[in-house]
Amino acid sequence: MPKEILTLQHISKSFPDGDRTITVLDDISLTVKAGEFVAIVGPSGSGKSTLLSVIGALLTPTNGKVVLDGKDISGFKPAQLTATRASNIGFIFQSPNLIPYLTIKDQLLLIGKINKISKKANRNKMNELVQELGLQHRVDNYPSSLSGGEKQRVAIGRAFMNDPKIILADEPTASLDSERGRTVVEKIAYEVKTRRKAAIMVTHDERMLDLCDRVLHIEDGKLIEGKSSQKKNHPTPAQT
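Quick note on my numbering: the sequence shown kicks off at 39 and runs consecutively.
Warning: the hint list may mix true and false statements.
[As the list claims (entries may be wrong)] Distance condition first, Cα-Cα at most 25 Å in a straight line; then the derived SDA-like pairs of lysine to any residue:
| # | residue 1 | residue 2 |
| --- | --- | --- |
| 1 | K109 | A124 |
| 2 | K103 | N126 |
| 3 | K163 | K231 |
| 4 | K103 | G113 |
| 5 | K260 | N101 |
| 6 | K163 | T122 |
| 7 | K109 | S91 |
| 8 | K163 | Y180 |
| 9 | K189 | L147 |
| 10 | K41 | K163 |
| 11 | K189 | V168 |
| 12 | K260 | S52 |
| 13 | K154 | R123 |
| 14 | K103 | M39 |
| 15 | K163 | T141 |
| 16 | K189 | D248 |
| 17 | K41 | V105 |
| 18 | K115 | G102 |
| 19 | K231 | A212 |
| 20 | K157 | Y139 |
| 21 | K109 | L68 |
| 22 | K231 | S91 |
| 23 | K143 | D208 |
| 24 | K143 | D201 |
[Unchecked claim] Now the in silico label distances, taken between C-beta atoms and shown as ranges:
| # | residue 1 | residue 2 | range |
| --- | --- | --- | --- |
| 25 | D110 | R218 | 34 to 42 Å |
| 26 | I60 | D110 | 21 to 29 Å |
| 27 | P54 | D110 | 19 to 27 Å |
| 28 | S183 | D110 | 41 to 49 Å |
Worth flagging that the hints you see were computed from the coordinates, not collected in a lab.
Don't be surprised by glycine CBs; every beta carbon is placed ideally from N, CA and C.
Turn these sequences into a full structure, and let the hints guide you.
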């Protein structure tokens, strides 16, 4: 049976707003297992980004527990949360946010240096990822010479460099056309399946949902289990 990577137990998140309190997340429970790719969809202001921030240890929940790889991180101190993000969580955002003065190779190697991975292991991981992501001919290029799809593939590689337990993708196709967007989501799905990671993707792009194992809907801070994708189209190495 696949291992449970993430468990949310009755998560709520509220923010003060003048003399009242706004509840953005309302009693959310969720479990995501190794090798599982989950999509979360919902209208603007429904709580998607807040939920991703709580899962990603960027926000502390008002109530409830966040259990990541068997550890309850809800009560972690700031330094512990920073260490958790660095070692266990990989982020992919709308914008790749690449460092303009670093080559693709150095963008990826930097993550290993931050996490104090040995030079040999760090370089081996970088080489493995650029091969899988089809970037081997671009490793010495700077971000300015890459296409939008290539930049997002670098962002995927960067997210996997620290061998995280879970990948969090926030609208990763927002700035891409449909073909490049699908390629990027296929890459995420392939990495999740082959490396047995958990992944959650927040998206408005319903054309990508068949690549996910589950689709969850969030509205007014409440999470609703949607129907599983009817047609799975997880990529194979040949497709990548």
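Status of the hints after comparison with the structure:
no., hint, verdict
1, K109 to A124, "holds, 15 Å"
2, K103 to N126, "holds, 17 Å"
3, K163 to K231, "holds, 17 Å"
4, K103 to G113, "holds, 8 Å"
5, K260 to N101, "holds, 14 Å"
6, K163 to T122, "holds, 20 Å"
7, K109 to S91, "holds, 17 Å"
8, K163 to Y180, "holds, 20 Å"
9, K189 to L147, "holds, 16 Å"
10, K41 to K163, "holds, 23 Å"
11, K189 to V168, "holds, 12 Å"
12, K260 to S52, "holds, 13 Å"
13, K154 to R123, "holds, 14 Å"
14, K103 to M39, "holds, 23 Å"
15, K163 to T141, "holds, 16 Å"
16, K189 to D248, "holds, 23 Å"
17, K41 to V105, "holds, 13 Å"
18, K115 to G102, "holds, 16 Å"
19, K231 to A212, "holds, 23 Å"
20, K157 to Y139, "holds, 21 Å"
21, K109 to L68, "holds, 15 Å"
22, K231 to S91, "holds, 23 Å"
23, K143 to D208, "holds, 24 Å"
24, K143 to D201, "holds, 17 Å"
25, D110 to R218: 34 to 42 Å, "holds, 39 Å"
26, I60 to D110: 21 to 29 Å, "holds, 26 Å"
27, P54 to D110: 19 to 27 Å, "holds, 25 Å"
28, S183 to D110: 41 to 49 Å, "holds, 44 Å"
Against the hints set out earlier in the document, no violation occurs for any number.
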